[in-house]
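Protein chains: 2
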Amino acid sequence: MKSVIRFAALAAFALLLPSVSFSQDLIVEKKTFEMPSYTTVGGQTIKNVKIGWQSAGTLNADRSNAILITHFFSGTSHAFGKYKADEKAAGYWDAIIGPGKAIDTNKYYVISSDTLVNLSPNAPVVTTGPASINPDTGKPYGMSFPLVTMRDFVNVQKALIESLGIKKLKAVAGASMGGLQVYEWAAGYPEMVEKIIPVIAAAEPGAYLTGWLNVWAAPIMIDPKWNGGDYYGKEAPNDGLAAALKIVTLHANQWQWAEKAFGLAPAEDGKSPASAMNAKFKIEAVLDAAGKARAAASDANHFLYLVKANQTYAADISKIKAPTLMIYAPSDLVFTAEIVEQGAKKIAANGTPVQTVKLEGPNGHLLGVVAVSQAKDQIAAFLEK
Amino acid sequence: MKSVIRFAALAAFALLLPSVSFSQDLIVEKKTFEMPSYTTVGGQTIKNVKIGWQSAGTLNADRSNAILITHFFSGTSHAFGKYKADEKAAGYWDAIIGPGKAIDTNKYYVISSDTLVNLSPNAPVVTTGPASINPDTGKPYGMSFPLVTMRDFVNVQKALIESLGIKKLKAVAGASMGGLQVYEWAAGYPEMVEKIIPVIAAAEPGAYLTGWLNVWAAPIMIDPKWNGGDYYGKEAPNDGLAAALKIVTLHANQWQWAEKAFGLAPAEDGKSPASAMNAKFKIEAVLDAAGKARAAASDANHFLYLVKANQTYAADISKIKAPTLMIYAPSDLVFTAEIVEQGAKKIAANGTPVQTVKLEGPNGHLLGVVAVSQAKDQIAAFLEK
Chain Y
0 MKSVIRFAAL
10 AAFALLLPSV
20 SFSQDLIVEK
30 KTFEMPSYTT
40 VGGQTIKNVK
50 IGWQSAGTLN
60 ADRSNAILIT
70 HFFSGTSHAF
80 GKYKADEKAA
90 GYWDAIIGPG
100 KAIDTNKYYV
110 ISSDTLVNLS
120 PNAPVVTTGP
130 ASINPDTGKP
140 YGMSFPLVTM
150 RDFVNVQKAL
160 IESLGIKKLK
170 AVAGASMGGL
180 QVYEWAAGYP
190 EMVEKIIPVI
200 AAAEPGAYLT
210 GWLNVWAAPI
220 MIDPKWNGGD
230 YYGKEAPNDG
240 LAAALKIVTL
250 HANQWQWAEK
260 AFGLAPAEDG
270 KSPASAMNAK
280 FKIEAVLDAA
290 GKARAAASDA
300 NHFLYLVKAN
310 QTYAADISKI
320 KAPTLMIYAP
330 SDLVFTAEIV
340 EQGAKKIAAN
350 GTPVQTVKLE
360 GPNGHLLGVV
370 AVSQAKDQIA
380 AFLEK
Chain U
0 MKSVIRFAAL
10 AAFALLLPSV
20 SFSQDLIVEK
30 KTFEMPSYTT
40 VGGQTIKNVK
50 IGWQSAGTLN
60 ADRSNAILIT
70 HFFSGTSHAF
80 GKYKADEKAA
90 GYWDAIIGPG
100 KAIDTNKYYV
110 ISSDTLVNLS
120 PNAPVVTTGP
130 ASINPDTGKP
140 YGMSFPLVTM
150 RDFVNVQKAL
160 IESLGIKKLK
170 AVAGASMGGL
180 QVYEWAAGYP
190 EMVEKIIPVI
200 AAAEPGAYLT
210 GWLNVWAAPI
220 MIDPKWNGGD
230 YYGKEAPNDG
240 LAAALKIVTL
250 HANQWQWAEK
260 AFGLAPAEDG
270 KSPASAMNAK
280 FKIEAVLDAA
290 GKARAAASDA
300 NHFLYLVKAN
310 QTYAADISKI
320 KAPTLMIYAP
330 SDLVFTAEIV
340 EQGAKKIAAN
350 GTPVQTVKLE
360 GPNGHLLGVV
370 AVSQAKDQIA
380 AFLEK
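Protein chains in written order, with numbering that gives the first Met the number 0: chain Y, 0 to 384; chain U, 0 to 384.
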């Protein structure tokens with residue numbers, strides 16, 4: 000059943016994306032990193048913390064060739080390769096990570112981890128969050144799970160990195176919320192990060208995105224099945240979660256995509272949307288299906304914790320010393336170009352080298368995931384420098 | 000009680016707007032236009048149709064000096080003047096309509112009407128929609144109210160205009176959804192419209208906005224109190240409606256506004272949003288309050304009917320012959336500049352004169368309401384030509 004849901008989610012999401020060809024070279028394994036306890040930046044201790052991760056390439060003798068990939072809001076550690084040769088799609092950044100690719104696993108040891116409170120707590124994700132069992136009560140935490148911040152995501156990744164004997168990362172790279180983790184790494188642990196590649200993410204996103212994150216979350220709490228976060232073992236608030244994911248899906252795209260993919264076609268041939276309240280346009284039906292499929296693979300409380308972690312992100316970017324390759328999309332409506340460029344200027348103002356690359360295409364924010372290979376030459380050269 | 004709610008709605012909305020000074024000259028009267036029955040473009044007959052309207056200026060002897068103002072999604076006929084000298088705020092376009100102003104009521108007879116299915120069916124609005132009593136059953140229509148389109152809004156306005164003996168309008172002007180009515184007027188009744196002034200509205204808005212309108216509406220139907228539209232005489236689905244209006248409020252503004260007005264200040268002094276799930280940023284608290292206040296003055300089913308009317312808008316703009324003054328905001332996220340400009344080109348391609356004016360400022364879409372006076376000289380000159 001889970002694989003059916005997973006497939007439905009991918010299929011629905013695939014409708015929203017241009018076709019991407021994937022490498023079939025790299026087989027990766029999902030691994031689990033465990034900490035007996037972790038104390039948050041806010042001072043609360045969580046027992047038995049687990050996150051999933053994967054790697055490719057070989058760590059060199061002095062452990063100086065590791066690159067960490069941090070994931071986006073609805074992403075997972077699965078940034079590259081396949082778990083099985085017949086897996087339908089490879090990891091989301093497989094176009095730039097692998098043998099001979101921009102982030103070359105023949106040269107670098109590439110690590111990618113799940114975050115805390117990952118949106119999709121079911122396999123193939125390993126995470127710790129509201130849906131996890133609280134060892135003290137034997138029941139899911141629900142909304143009693145401690146608040147976690149972007150820095151907490153990074154701190155658990157740091158423990159993973161250190162467990163591998165790595166003292167300094169060659170680079171940290173990530174898209175969207177992954178980019179916020181990149182900034183947190185470089186601002187929080189400047190001595191551990193040689194270079195950074197934040198993609199479709201502003202260093203200081205600001206108030207408007209804070210408002211949008213609130214709007215994303217709102218439908219969940221209107222769904223009576225949310226029940227203050229207490230729904231484990233009962234019906235989940237999937238109507239609210241689907242509406243939330245529908246907003247995210249639309250916000251992460253752009254008008255050119257909508258026009259080209261659907262235009263004003265009706266959802267059902269010959270049934271005019273003007274004929275009845277429930278007669279829809281195709282774009283509405285696709286958004287509804289995407290929201291529903293994504294909700295079935297996601298957890299509503301985890302969504303709320305992710306929203307909070309994004310809203311409270313506050314890296315002190317004046318501390319960033321790592322040379323920065325900032326990749327963004329002028330058509331992005333989530334992290335808009337002006338805000339991204341403001342952050343680039345602010346980092347550069349301290350003398351930190353900042354290089355920018357623009358992604359072009361009709362997909363807005365999503366370009367950082369589906370079209371990142373446009374920047375592959377710049378990424379390869381930046382890492383080689 | 001109603002006036003308290005109304006005041007709360009205006010007060011909350013006022014927080015979102017730059018300060019605007021209003022004329023105190025013009026006192027207007029809310030009037031009611033009635034039709035014993037109206038048959039929609041879709042072929043359904045509605046009995047006892049009423050809409051509210053107001054006017055200023057004097058209709059000249061040959062009835063050739065009338066200008067019609069059409070309103071936006073959450074607007075009303077109250078575009079200019081005050082109902083009473085001590086009314087808190089004048090009509091939304093009072094800066095450009097009145098004696099000696101850009102749309103000069105010393106020269107023109109200016110009419111503005113409520114639409115069908117107006118968002119706020121309670122006074123001081125007169126409208127016919129799902130919240131109205133169906134004369135055949137003695138009960139509110141709810142979702143049995145016939146679907147209505149932008150052309151239906153225009154057809155009822157046309158009946159009003161004709162009831163005044165007016166055969167041709169000097170001009171039709173309106174913002175946002177009001178602009179869509181403007182295009183419908185010029186495309187549907189080209190012989191009745193001398194000039195048009197569509198403001199912050201694209202002639203062919205396209206698929207992406209269709210998707211956003213779906214997203215706006217979604218929270219209403221998740222609220223169990225919506226109950227398939229059957230809530231009259233019971234508790235209304237105001238949580239869902241507030242969430243819907245929160246999206247509209249944010250979408251109609253822009254990051255510059257959010258940054259300047261709130262930044263990352265907490266909702267409560269000294270209470271960090273990172274300290275608890277319900278500790279909010281100021282921008283969240285303001286959006287919540289605005290959504291709640293606006294919901295108290297609005298009707299959820301009417302919101303859904305308005306969304307449908309906007310989605311199914313499909314004026315054949317190749318029929319537009321009226322010289323066009325198109326006013327828009329490059330920072331608009333609802334009707335984006337590229338889409339507006341495409342529409343302008345398409346209308347001009349038929350030889351119709353099109354002049355464009357850009358509104359500047361931090362308020363995105365809202366500039367068409369709060370900053371329209373930036374275009375006052377062009378409006379005055381365009382009407383005089």
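Be aware that a few hints might be false.
Which copy is meant is left open, so a pair is good if it fits within one copy or across any two.
Unchecked claim - Keeping only pairs whose Cα atoms sit at most 25 Å apart, straight-line, the calculated DSS-like set for lysine-lysine is:
(1) K291 with K224
(2) K357 with K291
(3) K345 with K259
(4) K291 with K384
(5) K318 with K169
(6) K87 with K357
(7) K81 with K46
(8) K291 with K46
(9) K259 with K344
(10) K233 with K167
(11) K49 with K81
(12) K291 with K106
(13) K81 with K233
FYI, nobody ran anything at the bench for these hints, they're computed from the structure.
Since we're looking at a predicted model, the values are computed, not measured.
We went through each hint and held it up to the structure:
In this assembly of identical chains, the alpha carbons of K291 and K224 lie at most 25 Å apart whether taken from the same copy (15 Å) or from different copies (22 Å). In this assembly of identical chains, K357 and K291 lie within 25 Å of each other by CA distance neither inside one copy nor across copies; the values are 32 Å within and 40 Å between. In this assembly of identical chains, K345 and K259 lie within 25 Å of each other by CA distance solely across copies; the values are 18 Å between and 37 Å within a copy. Proximity of K291 to K384 under the C-alpha cut-off of 25 Å is found in neither arrangement, the shortest distances being 45 Å within a copy and 54 Å between copies.
Only within a single protomer do K318 and K169 lie at most 25 Å apart by alpha-carbon distance; the minimum there is 18 Å, versus 62 Å between protomers. Proximity of K87 and K357 under a CA criterion of 25 Å is satisfied in neither setting, with 29 Å inside one chain copy and 48 Å between copies. For the homomeric pair K81 and K46, neither the shortest alpha-carbon distance inside one copy (31 Å) nor that between copies (63 Å) is at most 25 Å. In this assembly of identical chains, the alpha carbons of K291 and K46 never lie at most 25 Å apart, being 33 Å within a copy and 39 Å across copies at closest.
In this assembly of identical chains, the alpha carbons of K259 and K344 lie at most 25 Å apart only when taken from different copies (19 Å versus 34 Å within one copy). In this assembly of identical chains, the alpha carbons of K233 and K167 never lie at most 25 Å apart, being 45 Å within a copy and 63 Å across copies at closest. With identical chains, the CA atoms of K49 and K81 are at most 25 Å apart within one copy only, with a shortest distance of 22 Å there and 63 Å across copies. When the C-alpha separation of K291 and K106 is checked against a cutoff of 25 Å, the pair qualifies neither within a copy, at 41 Å, nor between copies, at 56 Å.
Taking the closest pair of Cα atoms, K81 and K233 never come within 25 Å of each other, the shortest separation being 33 Å inside a single copy and 54 Å across copies.
Violated hints, listed in ascending order, are 2, 4, 6, 7, 8, 10, 12, 13; each of the other numbered hints is respected by the structure.
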